[in-house]
Amino acid sequence: MRTRLAIAAAGLLVAGPAAGHPGHSNAEKQPPWQASSEWPDRLITTITEDPATSFSVSWRTDSSVGEAIAQIALATADARFDLNVLETKKAKTEHVRLDMIPGPDGPVHILENHGLPPAHYHSHTFEGLEPDTLYAWRVRGARGRWSPWRQLRTAPREGPVQFLFFGDAQTAIRSHITRTFDAASLEAPRARFAIHGGDLVNTAMYDKEWAEWFGALGRTHQMIPSVLVAGNHDYVNFDRDEEDPKLFAVENKTVAPVWRPQFALPVEPDVPKALRETVYDVRYHEGLHLFVLDSSGVDFDGQLRWLEGRIVASDARWKLLTMHHALHANVAGNEHPAHLERREALLATMERTKIDLVVTGHRHSYQRGVYGSEVARFAAGDQQAVDTVFIITASSTKRGQTKPEVWDAYTEDLKGAVKLSRHGDNTPIYAVFDLDGDTLTYRAMDPTGALYDGFTLRKRDGVKILIDDPVVETEPRTRANTGLYIGWDDLR
Amino acid sequence: MKTAGVFFALFATALADTAAAHPDHAPAPPWQQATGWPDRIITTLTNDPATSFSVTWRTDETVGRTIAQIAPATPDARFDILAETVKPKTERLDMEVMETEAGVRMSPFNFGLGRYAHFHSHTFEGLEPDTLYAWRVQGERGKWSEWFQTRTAPREGPVEFVYFGDAQQGVRSHWSRVIRAASEAAPHANFYLHAGDLVMKGDSDYNWAEWFAAGSFLHARTPSIPVPGNHENVSVHPDDPDAALVPGGEGKRMRVRTPFWRAQFTLPVVKELPETLHENVYDIRYTKDLHVFVVDSARSTFREQADWLETALKASDARWKIVSMHHPYFALQTFDRDDKDARRRRAFTPVIDGNDVDLVLTGHIHTYVRGETAEQRTSRIASGEGRSVKTVFAISASGAKSSDIYGALPVERVGDDEPDVGGVAVKRVAGNTPMFQVLRIDGDTLEYAAHMATGEVYDRFTLVKNEAGLKTLTAGEEAFGDLRLFDNTGPYREWLDLR
Numbered sequence: 001m002r003t004r005l006a007i008a009a010a011g012l013l014v015a016g017p018a019a020g021h022p023g024h025s026n027a028e029k030q031p032p033w034q035a036s037s038e039w040p041d042r043l044i045t046t047i048t049e050d051p052a053t054s055f056s057v058s059w060r061t062d063s064s065v066g067e068a069i070a071q072i073a074l075a076t077a078d079a080r081f082d083l084n085v086l087e088t089k090k091a092k093t094e095h096v097r098l099d100m101i102p103g104p105d106g107p108v109h110i111l112e113n114h115g116l117p118p119a120h121y122h123s124h125t126f127e128g129l130e131p132d133t134l135y136a137w138r139v140r141g142a143r144g145r146w147s148p149w150r151q152l153r154t155a156p157r158e159g160p161v162q163f164l165f166f167g168d169a170q171t172a173i174r175s176h177i178t179r180t181f182d183a184a185s186l187e188a189p190r191a192r193f194a195i196h197g198g199d200l201v202n203t204a205m206y207d208k209e210w211a212e213w214f215g216a217l218g219r220t221h222q223m224i225p226s227v228l229v230a231g232n233h234d235y236v237n238f239d240r241d242e243e244d245p246k247l248f249a250v251e252n253k254t255v256a257p258v259w260r261p262q263f264a265l266p267v268e269p270d271v272p273k274a275l276r277e278t279v280y281d282v283r284y285h286e287g288l289h290l291f292v293l294d295s296s297g298v299d300f301d302g303q304l305r306w307l308e309g310r311i312v313a314s315d316a317r318w319k320l321l322t323m324h325h326a327l328h329a330n331v332a333g334n335e336h337p338a339h340l341e342r343r344e345a346l347l348a349t350m351e352r353t354k355i356d357l358v359v360t361g362h363r364h365s366y367q368r369g370v371y372g373s374e375v376a377r378f379a380a381g382d383q384q385a386v387d388t389v390f391i392i393t394a395s396s397t398k399r400g401q402t403k404p405e406v407w408d409a410y411t412e413d414l415k416g417a418v419k420l421s422r423h424g425d426n427t428p429i430y431a432v433f434d435l436d437g438d439t440l441t442y443r444a445m446d447p448t449g450a451l452y453d454g455f456t457l458r459k460r461d462g463v464k465i466l467i468d469d470p471v472v473e474t475e476p477r478t479r480a481n482t483g484l485y486i487g488w489d490d491l492r
Numbered sequence: 001m002k003t004a005g006v007f008f009a010l011f012a013t014a015l016a017d018t019a020a021a022h023p024d025h026a027p028a029p030p031w032q033q034a035t036g037w038p039d040r041i042i043t044t045l046t047n048d049p050a051t052s053f054s055v056t057w058r059t060d061e062t063v064g065r066t067i068a069q070i071a072p073a074t075p076d077a078r079f080d081i082l083a084e085t086v087k088p089k090t091e092r093l094d095m096e097v098m099e100t101e102a103g104v105r106m107s108p109f110n111f112g113l114g115r116y117a118h119f120h121s122h123t124f125e126g127l128e129p130d131t132l133y134a135w136r137v138q139g140e141r142g143k144w145s146e147w148f149q150t151r152t153a154p155r156e157g158p159v160e161f162v163y164f165g166d167a168q169q170g171v172r173s174h175w176s177r178v179i180r181a182a183s184e185a186a187p188h189a190n191f192y193l194h195a196g197d198l199v200m201k202g203d204s205d206y207n208w209a210e211w212f213a214a215g216s217f218l219h220a221r222t223p224s225i226p227v228p229g230n231h232e233n234v235s236v237h238p239d240d241p242d243a244a245l246v247p248g249g250e251g252k253r254m255r256v257r258t259p260f261w262r263a264q265f266t267l268p269v270v271k272e273l274p275e276t277l278h279e280n281v282y283d284i285r286y287t288k289d290l291h292v293f294v295v296d297s298a299r300s301t302f303r304e305q306a307d308w309l310e311t312a313l314k315a316s317d318a319r320w321k322i323v324s325m326h327h328p329y330f331a332l333q334t335f336d337r338d339d340k341d342a343r344r345r346r347a348f349t350p351v352i353d354g355n356d357v358d359l360v361l362t363g364h365i366h367t368y369v370r371g372e373t374a375e376q377r378t379s380r381i382a383s384g385e386g387r388s389v390k391t392v393f394a395i396s397a398s399g400a401k402s403s404d405i406y407g408a409l410p411v412e413r414v415g416d417d418e419p420d421v422g423g424v425a426v427k428r429v430a431g432n433t434p435m436f437q438v439l440r441i442d443g444d445t446l447e448y449a450a451h452m453a454t455g456e457v458y459d460r461f462t463l464v465k466n467e468a469g470l471k472t473l474t475a476g477e478e479a480f481g482d483l484r485l486f487d488n489t490g491p492y493r494e495w496l497d498l499r
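Protein sequence lines, in the order shown, are assigned to chains Y and R. In this text, residue positions in the first sequence follow this note's numbering: the first is 1, and each later residue adds one. In this text, residue positions in the second sequence follow this note's numbering: the first is 1, and each later residue adds one.
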């Protein structure tokens, strides 16, 4: 028998109608950076299926705002560029209750959001734009309550592109992860888009955590579109596993009800409805194709079939897969059995498709490795023929510990076809990718702006040659040789 | 009931632009209202930027003593464990009945906000040069800001900074894109210099809310050098404090600095200057090579300031000396509008001319002008050729207000070597184009680029200084492109519709 709502015991959820719920409203406890108002907030731009001619924007207001507006103009150098508005459009608006969410047995009360009023989430996709062109856009809540104008450049059809990847933000987001996002904006101010590899927050039902995430990230990322990946913490699980109550059941879970209203992401018609806006692909430009899987979602085998079909059909030179869960990267030995099955299936897909990059999060440590025939025989500094590079990272204050010896076992299992190239603990790290024709340059950066890992990948006639940056030869950062680490429970 | 509320009701119809600041008399927007949480967080420079920097923030009046923290910004996940806690100063600002150096000023713009705001400030000292620090500030107990990261000045080596002319109009709506474009063009800028008229109404809390919202985290992470302008002044009627409530009020009127200035910016104090000029007139020796001097050209104490400036310039052995003041009139007689402009020009021109000032960075006229003085006239010079110059000056504006006052200069003479009567030859102008300038100093070379809000460069030059202190200016290709003027750019409208 399943343990329904076991997490209620932890004080997260209470089943039953909200009416008559005792206790005090949390509305007054909201910090000013959480509470909704007539003014637009939680602005975010997101990627579309055709980033050269469109981008999406989403924002929030209180529920008094029935009609919200989005506006776009060419970002000229003129003082009043805004006099030539290209489009003023009414947004799509969704009413979202925060104090309760629909559950398998009826509404489920979210204690943390108790007393919070419903919010309106608005979104609009600007379409018919010119490629590689700077636009200015703004959004409105109530009449006269406009956001500032923000500038965003559409994707080029081809040519060099720089983009960012962030692993789990998840914990102490406002307090600590802000510096990682800021550091990235210093290092890569002209990045074209940013991928967030899941576990954006710790408890996806809690409005306050989303307030933290938007506060930390929205400041710079209103200028570049986001590619959002759903992680296990972006899901709401209603059941515990039958066999092992420490684990959540695979059934009866849903991506956080706020996910779709607050992010306007590409809708993939060929996947089950439960995976809409969490499984999608984006042909960014002539040379780059992005694939997003939902490794916390249903029907992973079906997702892989969809992925393989898309990869095979794509003529982009570079193909990048992102999802939340890492293929390998055993941190504490607590791998979910389902993930082991998934690993086998995904490895088989990779073997057939030779996808270039698999970029993930989940393990709260930094680990970068390579797949390919006998990659284990290469030493750092060698030119290495590889099939796939995989990257695992996290921005969070929650830190796991790498176990390189487990990697030796992986290497042995796969007969030398996998190798860990670089790892690091106790260090939030984000990634900067620079793509230019047949060359991809990768840099993993810490929040002080120092390079921690890097490589160059050159692809010619279907053969990928990887050269490590000399920084990989420096001592890996571990718990033993870095500053004191304590958990994040004291951080607000 | 507050007396102030009564005033507001009485004069509501007369105060048309107060109403404009608050559409529909609605409550203050969430991005204006002070709370128990820290906001309007800004980093400013000190006399010794290699070992210290100051931070200032605001809360509502319920927050008395609070704390701030600083830690070396290590890559560790919990860098904050090593934080040191400090006790900031707290200053109360009466936003309704403002106390100024010349008496009380009633500030109707702020009625209904809650009368007092608390500004907290602290100077972190004893830091290491060219080192990244993480810091945060608290409001009420437990209500912390994010951790921000700020780098102290290096003792020597390359320095990059951004210079902004007047933000002033459409600050939240339009200037946001300019300061963000600057953060993209110069992400590692050591500091931002704001050459006056940061806002339209120096005593309007709403205006300052716009300025802080527009810069947001950029004000916190990158230190500022704010230069006061005439719009940071307020009118005081020493004989009748209520006169401000009546448009065109009678009686003696004095223009003094808004009390917001000192409350929200923690700046160096030059003891030799009169107290009224403290934190308004100051100099910052940023590195061995760079010395920045800030003059308050919106105050009539030109003589004291000119004397101090001359002494300070003479005493400095920095390779590069840059003066910033809000008004550009010191050298360009074309722009004189009244006797005060002429007096200002007469006071500062000899000091600038006689003390090897390399650059003068200004604002005020809402247009872009770049000119120079030279010992000798040189003939018209093409891209790529250098010429000898004495001082380069710039006028720039970053906000939505743009004027075509460059029309006072015949445009066909731009780039000509015939100097204006004030002795300055104008080399580049633009109208209808908000800009920001990125300046980079590295040894004997200074690079200057004026960017438009799109990030593209409109004007560029390089100055090279030889051993004898003689400078050669070489203009970049962009300096010879078509001029952007009101008749060949997009439509323009006054800024009154911008909120």
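Please keep in mind that the hints were generated in silico from the structure rather than gathered at the bench. Please note that a few of the clues may not be correct.
Calculated cross-link-like contacts (lysine-lysine; reagent style DSSO-like; alpha-carbon spacing at most 27 Å) [what the hints assert, rightly or not]:
1) K29(Y) to K143(R)
2) K314(R) to K390(R)
3) K143(R) to K398(Y)
A short, non-exhaustive set of chain R residues, derived as facing chain Y with CB atoms under 7 Å [unchecked claim]:
4) R78
5) N488
6) G490
7) R493
Pairwise CB distance ranges, derived in the manner of DEER restraints [to be verified]:
8) L470(R) to T456(Y): 44 to 50 Å
9) P131(Y) to T301(R): 52 to 58 Å
10) D490(Y) to R343(R): 58 to 64 Å
11) P158(R) to S314(Y): 42 to 48 Å
12) R337(R) to T456(Y): 47 to 53 Å
13) P131(Y) to R343(R): 41 to 47 Å
14) A450(Y) to G469(R): 35 to 41 Å
15) N488(R) to D436(Y): 31 to 37 Å
16) N84(Y) to T462(R): 33 to 39 Å
Just so you know, even glycine gets a beta-carbon here, dropped at the ideal spot from N, CA and C.
Evaluation of the provided hints:
no.	hint	verdict
1	K29(Y) to K143(R)	holds (12 Å)
2	K314(R) to K390(R)	holds (16 Å)
3	K143(R) to K398(Y)	holds (21 Å)
4	R78	holds (6 Å)
5	N488	violated (11 Å)
6	G490	holds (4 Å)
7	R493	holds (5 Å)
8	L470(R) to T456(Y): 44 to 50 Å	holds (45 Å)
9	P131(Y) to T301(R): 52 to 58 Å	holds (56 Å)
10	D490(Y) to R343(R): 58 to 64 Å	holds (60 Å)
11	P158(R) to S314(Y): 42 to 48 Å	holds (44 Å)
12	R337(R) to T456(Y): 47 to 53 Å	violated (60 Å)
13	P131(Y) to R343(R): 41 to 47 Å	violated (55 Å)
14	A450(Y) to G469(R): 35 to 41 Å	holds (38 Å)
15	N488(R) to D436(Y): 31 to 37 Å	holds (36 Å)
16	N84(Y) to T462(R): 33 to 39 Å	holds (35 Å)
Hint compliance for this structure: hints 5, 12, 13 are broken, all remaining hints hold.
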